[in-house]
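Reassemble the complex: the two chains are provided individually, in unrelated frames, and hints are given to aid placement.
Keeping their order, the protein sequence lines are chains A and B. Note that the numbering used here has the first sequence beginning at 1, numbered continuously upward. Note that the numbering used here has the second sequence beginning at 1001, numbered continuously upward.
Treat the hints loosely; a few may be bogus.
List of simulated lysine to any residue pairs, SDA-like, C-alpha gap at most 25 Å [stated by the list, open to error]:
{"hint": "1", "chain 1": "A", "residue 1": "Lys258", "chain 2": "B", "residue 2": "Phe1033"}
{"hint": "2", "chain 1": "A", "residue 1": "Lys258", "chain 2": "B", "residue 2": "Asp1110"}
{"hint": "3", "chain 1": "B", "residue 1": "Lys1135", "chain 2": "A", "residue 2": "Tyr12"}
{"hint": "4", "chain 1": "A", "residue 1": "Lys258", "chain 2": "B", "residue 2": "Arg1039"}
{"hint": "5", "chain 1": "B", "residue 1": "Lys1115", "chain 2": "A", "residue 2": "Trp26"}
No lab work stands behind these hints, which were simulated from the structure alone. The structure presented is a predicted model; accordingly, all values stated were derived computationally and were not measured.
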Amino acid sequence: MAMISAELRASYAFMERNFFLTRRTWAWEVAFLAYSVASALSISLIGVDQGSARLVLSLMVGAIFWNYLSVVFSWIAETIAVERWEGTLEYTMMAPIRRSSRLIGQVSYAMVYGLVHTAVIFIVLGLFFPNLDLSKANAGTAAVFMALGSFSFVGIGILAAILPLLYVERGAQMTFVVQSCLLLISGVYYSTDILPPWMQVLSHLSPATYVLDGVRAGLIKGTPTTELWSDVWPLIVLGVVLIPFGLWAFGRAEHYAKRTGKLKRVG
Amino acid sequence: MTAVPIADLLPKGPPGPEPASPALLIDRVSKSFNVGRSRAPVAAVTDVSMRLERGDIHGVLGANGSGKSTLIRLIAGLLTIDSGRVAVFGHDIERDEMAVKRLINRVSVDAAFFKKLSPMENLVFAARVYGLNVKAAKRDVYAILERLHVGSDRVDRPIEQMSRGMQQKVAIARALLTSPILLLLDEPTTGLDPRSKLDVQDFIEELQATHDTTIVLTTHDLAEAERLCDRITIIDGGRVVAEDTPDGLIAAAAARLGRAATLWDVFMAYTGRSLDDDVDEADVSAQADEEVAKWR
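Chain B with its partners taken away, still in its complex shape (with noise of 0.2 Å):
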């Protein structure tokens, strides 16, 4: 199969923001959950700061419960913010919320349709929600999926019908269909198989180079997020506990154990727990970094 750059695949997207703002900017942000009427509130998110801009993939990486999809949730408008602020491009996500709208999208780690309808009946819904041109979204929604490795032939079965890996593939062209300038990704790669793995990967990277998508990635895969990440962000408790470029990460590691350090050897420094300790999907995904090594 010829690969179609993803540049051609996508819809046009909304007009340009201002270049001087950041894809986002979150600023201070906290939130808290009243977990019973006699138990103090869970704080989730703490006085949560990071800036983005255009083009860049910002990792999250922590251990469950640690705050990552709560912060997805409210950069996507999804959770109201207790404290502080979050602009997309600008806008602010609560006095702008229609403008935000349309220029973010999200995946998240379970791939949420009608599972009764096919991917071409849950992506039509989609484009019509979004405003776009149902002839043109049908053609794309060819396109994407054939680039994920998607035949043609499954585009009308029933979602139900397909394997978790395939459901999650249409849930990215579901995201992509929309042309989003601001990707939320919440752990896309979660459970999926090697292959699967992989073609979402080189997706997501060609869609920054080609696309020019900002992307903010939450992930318990700490290869990927060295693959794909220009930046990460490390959150503890709700807490931002380190900054940095991945090989920044890691130097400061190495500086600190004295001696050849992983983000491995970052995400336990930083934490202070293992991914295998709290993460039931770690097994799956680290046979399947293995087998994506062997792939390579």
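Same shape as in the complex, but just chain A (with noise of 0.2 Å):
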């Protein structure tokens, strides 16, 4: 009890010195919060200017959720990248606490961020478009997806945020590389069958595509949860192979950089 204690309490340290950054660079993460909004903003007037109301709230999905995954994505896959460039992270490694304890920390936290940069883009797009029908609307559906796939991103996040382990030089580019992917084969604002047909067979692998299926379909329709079974099934598999299988690449990548002395501080 008094292991998970510390445990959690070491967890904690991250989520404190993440919220610090955060509350430092405010500037900024005003800018980035304008940009989004701006972002999502723009491409549901596309469904505006089509004249299609079911449109503008597929759009509107394809913005906010994506929005809410890409944050925790970045949140996560940055981890190392942010602790190389700024030469603490021989020092994160020689502190008395588990791999597991850290990267709670990590999504713990980017979950938080997500959720507060996520709800206020809600807010004013619902500001915006105040005659947007959520009549039929399941938020329990969302929610559900929303909950699910924030498990899957973790460990997708996990296994990017090895890229900067392995990759002193190249690594933080390559998880952009992988977001930018992610963005592309999941179906973000459009459906993943107008994708050539290798690039479905990819949109398979990602757990976005099933979030925001499942999202849209709650959302437009009212489905309820259990009638997305197909869309379920995959992230639950998703979020339990990935996140350990995660946990265990992240520990092999650690000894390979102690091994080759990567984890010294370049930048």
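Laid out in structure tokens, this is it:
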């Protein structure tokens, strides 16, 4: 019990430190949020231009929920890259804490930050489109998919965080490319049916594909979660497989970095 | 300002280790790195052995690239060991990794922090990950920084606004906050101004005297090594080429040269190189030494 308590306190250290960082860079946070809001609005207005309320809602869901998933992904995937840049990576690695505590702290902050960020965008879009018909919306379905999707994305984020451990010079850029590819294949603003066949295969590997399908079905058609099993089980499988696999792979990458001297400061 | 004894400033450390175990045992440790597929691995540290008893300050001298920092990283568990063994107070650093982590801390040549955060924010983070009581740690932060002549008005400002010397003092405070019984100091005074250098050296001496901390100190500053170290190991090309007390090394060099010798002569004799030849920061350091001498 004492050990769990100590590990939770260590996890909290990462949450608090990230909060301090957010607070210190508040001007950039505001600028980033303004950009995200403008981007979501611009995309949603394509639906208005096309005269389709359904399209507006579909694009809004894409913009809002992709924002959430990408924010969660970024915070986790950049765990190593940011510490490497600041030069603190070796100190964090020397601390008497478990790898899982470190990652739980990062993941928890990523989710809280993502939720706040997304809530702001949701409110602004709600104010901008006051006549949007959400009478059929099933908020429970959206919440379930958001939660399931978060855990699946955590697994992918941990795997992406490995890249800066393995590739000192270009790892951070690689995680950005991974994020960009997820945007392309996950049907964020369009149906994955229009993708070339080989991309459709890849789209089945992205948790975002199932999250967006499920949320759209819930908010636009009011479909309950129980009728969306075909989207639920892949998310559960991806979460159950990717998180333990990500933790294992992260441990192996850490050992490799210690063997090859790649924890050393760069930048 | 009234000087507060360091023993009163520092939080209580972890329970004392078994008295029979050396503070640090490095037993025939080697480490090499692959530098390319078609090139042979480069040996950074070869067959290095050292034994430190509790409370020792042990200097490690060597030119740039001699393997000093690699040795520190190996002790810190930041690099895996190819062969040999390192034990801290009887705990093998690979088998008992977590136990060792609780006993040691490190100050490197570059003060690594989240630069946008304040010293207090950075140090509270360190306190939490080492499982310290944050309220008590905050009190300790003020006390340690004050002792190092960092004013309390600097504690809440971003670290990026502080001078290099101030940042290094915060790095030392971070290491001391966790009350390590083995402290790894990797060129802690390189590039510091004379006053800061003196502050840090005084603090290291006081730390040893009052807190019984065992210290491994790498430095390019020979006067600093002579002043602070109980024993000195000289490394060249990743191998130990000499080890003795500063006086023992100087006496041996004097006998060899047939005249009065200094630690500089010792260094030249064993490495065949001048620090000026390969240490960018040596000029800064030498100027600092002159200034320190004036202060005394």
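Would the pair Lys258/A and Asp1110/B pass a check requiring their Cα atoms to be no farther apart than 25 Å?
It holds: about 19 Å lies between the C-alpha atoms, which stays within 25 Å.
Within 25 Å, alpha carbon to alpha carbon, are Lys258/A and Arg1039/B?
Holds, at roughly 20 Å.
Would you mind confirming whether the straight-line C-alpha gap from Lys258/A to Phe1033/B stays at or under 25 Å?
Judged against 25 Å, a Cα distance of about 11 Å means the pair holds.
Given pair status - Trp26/A, Lys1115/B, alpha carbons within 25 Å:
Cα-Cα ~15 Å, so holds.
Are Lys1135/B and Tyr12/A close enough, with their CA atoms no more than 25 Å apart?
Holds, at roughly 15 Å.
When each numbered hint is compared with the structure, no violation occurs for any of them.
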